[in-house]
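J.: Chains as they are written, first to last, in the numbering used here: chain A, 67 to 398; chain B, 852 to 1141; chain C, -5 to 408; chain D, 40 to 290.
Calculated directly from the structure, the hints in this document are not laboratory data. Where hints are given, some of them may not hold.
[To be verified] BS3-like cross-link-like pairs, simulated, lysine-lysine; straight-line CA separation at most 30 Å:
no.	chain 1	residue 1	chain 2	residue 2
1	C	Lys171	A	Lys230
2	A	Lys245	C	Lys190
3	C	Lys163	A	Lys230
4	C	Lys337	A	Lys230
5	C	Lys163	C	Lys141
6	C	Lys301	C	Lys55
7	B	Lys941	D	Lys223
8	C	Lys386	C	Lys254
[What the hints assert, rightly or not] With the Cβ distance kept under 10 Å, some of the chain A side facing chain B (calculated, not the full set):
no.	residue
9	Thr190
10	Leu231
11	Leu356
12	Ser393
Even glycine gets a Cβ: it sits at the ideal position worked out from N, Cα and C.
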Amino acid sequence: MTASTSSVAAVMSGPAGRRGWRARLTAWRVPLSILALCLLPWLLPSQALAVNVLIYGLVAVGYNLLFGYTGLLSFGHAAFFGTGAYATGIAIGQFGVPWYAAIALGILAGGALAFVIGLLSIRTRGIYFSMVTLALSQLVYYTALQASSWTGGENGLRGFTVAKLDLFGWTIDFLDPLKKYYVLMVFAVAALWLVSRILNSPFGAVLEAIRENETRARACGYDVERSKLISFTLSGLICALAGTLSALHLAIVPLDILHYHTSGMIVMMTLLGGAGSFFGPFIGALAFLLMEDVVSLWTSHWQIVVGGVFILFVLFLPKGIWGTALSWRAGR
Amino acid sequence: MDAELIAMQLFSGVALGAILIMVALGLSIIFGMLGVVNFAHGALFMVGAYAGLWVASLTGSFWWGLLIAPVAIGAFGMLIERFLIRPLYKRSVDDPLLLTFGLGYVLVEAVRIIFGSDGIPFQTPPELSGVADLGIGFFPIYRLFVVAVVAVILLLLWLGLEKTKFGLIVRAGAKDPQIMRVLGIDISKVWLLVFGLGIGLTALGGVLAAPMRNVNPEMGSLVLAEAFVVTVIGGMGSLVGAIVAGLLVGVAISMTALFAPEMATIVMFALMALVLLVRPHGLFGKPVRG
Amino acid sequence: MTKESKGLPFLTRRATLAGLAAGGATLAMPGILRAQGETIRIGFPTPLTGPFAAEAKDQVKSAELAVKLVNDKGGIAGRKVELLVRDDKLNAGEAATRTLELIEKDKVHAIVGALSSAVQLAVNEVTRARGVIYVSISQSDTINEIKDFSRFTFHEALNPHMTTAAVAKHTFKPGSKVAYLVADYAYGHEMLRGFKRAQAAIGATSVGEILHPFGAADYSTFMPRLRSMRPDILCICNFGRDQANAIKQAVDFGMNRQSKIVVPVLLHNQRLAIGPEAFEGVIGGANYYWGLEDTIPAAKTFNDAFKAANGGAYPTDYGAYGFTGVSSLLLAIEKAGGTDTDKVIAALEELKYDVAKGPQHYRKCDHQSVQSVLVLESKKKAEMKNEADLFKVLATEPASETILRSCSELGFPA
Amino acid sequence: MTAPLLAVENIGRRFGGFVALEGVTAAFEPNKVTAIIGPNGAGKSTFFNVLSGVLPPSSGSIRFKGRDITGTAQHRFAHLGIARSYQITNIFPELSVHENVRVAAQAFRARYDILRNRASMHELDDKADAALAAVGLTARREATAKFLAHGQQRALEIAIALAADPELLLLDEPTAGMGPEETKDMVALLERLAADRTILLVEHKMKMILGLSDRILVLHHGRLIADGSPQHIQTDPEVRRVYLGQNDGYA
């Protein structure tokens, strides 16, 4: 699936202007994302849902860097998402660290874990890579369950509600859902900008080369393992950021955030929207959460609908919503 | 700790491993032959248990459930291979994995709709209930029966693989899929049967587990994780690996249960991580090239 | 829910009278409130999907019954009551999101619900920060402690401490040898702590404790060791599926021949799911059992109303929480004469209610509902008179603060 | 004699008990075309894989420009100035033709740079365009690589190797699967390249090798059995014996 979704990516690497609308779309992708995110809370049924789309969209964007652009199917990204959240919650709740420093700590903790898990897992290939990431992330899950004096165990982490944000003499009411959304959005946008930069950078080209043909990339003179490790770590950093935002938003960290079901959900969202495309992950998160929200209002059997839709996508629209839309427009 | 207790503990580890082997074997056969990582394997284990229960309640006999359900679910597995997985062979190896992941969701929810989300009692068949005195301690007769059934299945499987033409093809195909094309064998038919066999085995595991663990829609979730651990430790695609690792994990869990019981789940994943770091392709697996 | 209106009298005339006597606000300014006429909205997050879906559905039915009974008699001061049910999927993160939605978008006046310790603590955190009243209906000791205290939160459910105290009182004897199989998470540890305190008070002895991983499917590996401890009583301190599987496998290993199996909470729906054979003779605590109707009039009234509204089905233990939780809240709103948060809190703190299981009230310091604890024994199949005739009521531990931890022990200033 | 660009000494390679290569010693002078031939299973691929760093030799040493590079990581070989192409087309299928070559050229400029915009690195575009021009693919610059015809993909394969501007070019059957017309184009391309580069190639097409090579090495059962000019090899009795009855070698 990773290979088939990347004609989008091929276009991006060409010099701007040569491919008309697609190149323009690429050039404007960050401003367009900002615009869409600004409108999001006004378009969705609730602001809490908008924040969730923001957070899960960001996780999926981080995940996409590894899965969509580097071609590595990790089943352990819940570990970085969760570690970011736990580190932020613990920093605020147990050490009284200010919120912005707690965000930084959360990112660092999740990134450090990603580096370690990456170091251990990128030596394996293919399906084994998926399995090792799954196993290591489950170890993190059970560790969090056992270390209940730090994490709250199965009860989850609590007691770090941030009601007001103080910054440069300004005070923002963080309980106001709309203000909260826009504050969190600033961080998400910064991450999106960074991802866009990475994709446009020389390193972005290396990742795509590795995804397309690892052997050849190595023959061309790239240290494939090292590049994968960097990609893995960057991906983990972004997921960790999403985790810190989730902690600030919910004011709790549920243990489930570390479970492999969360990893599976991240994979599903990314695929649903379109792996290997810039907008895909966000669109996937939006579609997934909206579907779950709407379907669960009229039936408690929402899982059969979500699972069924996912199967249909794998079978018939492997490029995901956005990837398919792009190919239609391109007439291919 | 006295020796009798340790011996009992070892024995319960083996009994635990027996169910793990049933599930992991199917997972491993399917991966070895088709290159498909079946994420719906746990869900099909659960579906097998429900099917066994349903047949048993219709016929009034556990034995019919034990006989019919695995065959029926194996046939259902063939339908899955034919209509959902076959279209994906030309694509990336990730696609069947993702599809079966979605399929797991659908199967669990379908069972909730049909049988309710609560779980259903599954009584141990009266002729197998009660405990037996093993000399070192007491052990449920039913669990002894499970070990025996699994041993018989393994024996049949071994005979089938070693002594039949189909077995020859499967063994050759697991080593090198290319060779079947050369020999002019219709691979798609073999794959269909292998997938059905793998699913039948996990369904049998489900029926066997039902009288011990009751039946509920989520029973496959933990089993899937355990089966992955076993298959990865043994080496994906290796049948001997699945058997050895199944016993290894069973005994590891039971020994941890004796000395550090709260670590009994974590030990499984730690063992898996350790094996992978030392031997990335598992104890009996072949290295992946690429 | 069916719309049939049988003109049932409001269940708790006594409670209503108590409310009127204490507050009197309803009579004083009904005009203003009626003019307002805004619907009273109560958010109800509960795990409609997942392993406790059956309990959740019972909770919803019971909560809807409580709302219907109030609406049938014209609402509260002319305001209708609406129950907004949301699926929390037994996931704390999901529950927090749904609660935020209920507060921010649906502008609910209060929240009732949750069915696990983690979910309950998550909802507690969200409502505490936003000053929204929350009636929690799930068991936990943690939530009683000062660290998680919210003055907006009231605990309608039993907690592990009181349940284990009651169960131990009626099962442990001086000199009993007790072995424990405990789920290794907060709730399991809380139950163990409760039992051990009671054990010390009674003069029984512990012959061993085994912690098992939370959510395990197979308990066979613990059985040889438990057997070798030769206990008189085997206390299985876990919940739901874990409990069902642990009991079943203990019976498979013949543990029930050598020991009495005791659990803190005996679940109605788990007993239905596993069958009478495995549970035969198992003793455990409960907040409610429909069989109470023989001795308690309020139970009879509740059972009849529930059966009338739900095609003859009997209410269950966790279901009853939905009824008692929502009813107590509505009584307090009525007493406070509206949905003003501080007034409703004051009313809840003063409230004496008896809506289903005998007298209850919320303790002032931690807002724990002081109530009776039933000690039940699972019946033999042969003794069951009908499908719902599951348990024998061995004892009813009366509502009293003596089986609760003291306020100072929980960290509240004296 | 000029100093050799590449020299291998007593190279051996085993796979478990199987000896794929044994005691191969040879030196390669700059700006020469050397062909490596031998029947199937002679060890040509293994030899190529050792020379390009894919497999470390089990014994012996490799010197490049006088420096011992035995055991160097594969990706370092490109940086030393050794580039290779593959027998089975080995390109980046979903990337554009231009990007295929550009990313190869980039390996020497920026590998872990995440902050610059690669669109502004014009010298890489120019380098890629030059390599594309050299193999005659300029017209297909924007096409997605997987949509190219087979012959064009083989040319792209060479262009990717050329983007590194290597001193030593290792070509593994550059004309594999090509028709006569495409082969002719490829030979012309190789002749142009041979002017200022050292080329080692594995080939089966004898006519082509005889016309193109300055020197031929013959491997058999992992051993070097002949080494010399095309004329010399044609008359070598040992080579004739090895190839007797093996028509496929003379296609």
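J.: Could you check the structure against the hints above and give me the numbers of any it violates, in ascending order?
T.: 1, 2, 3, 7, 10, 11 and 12
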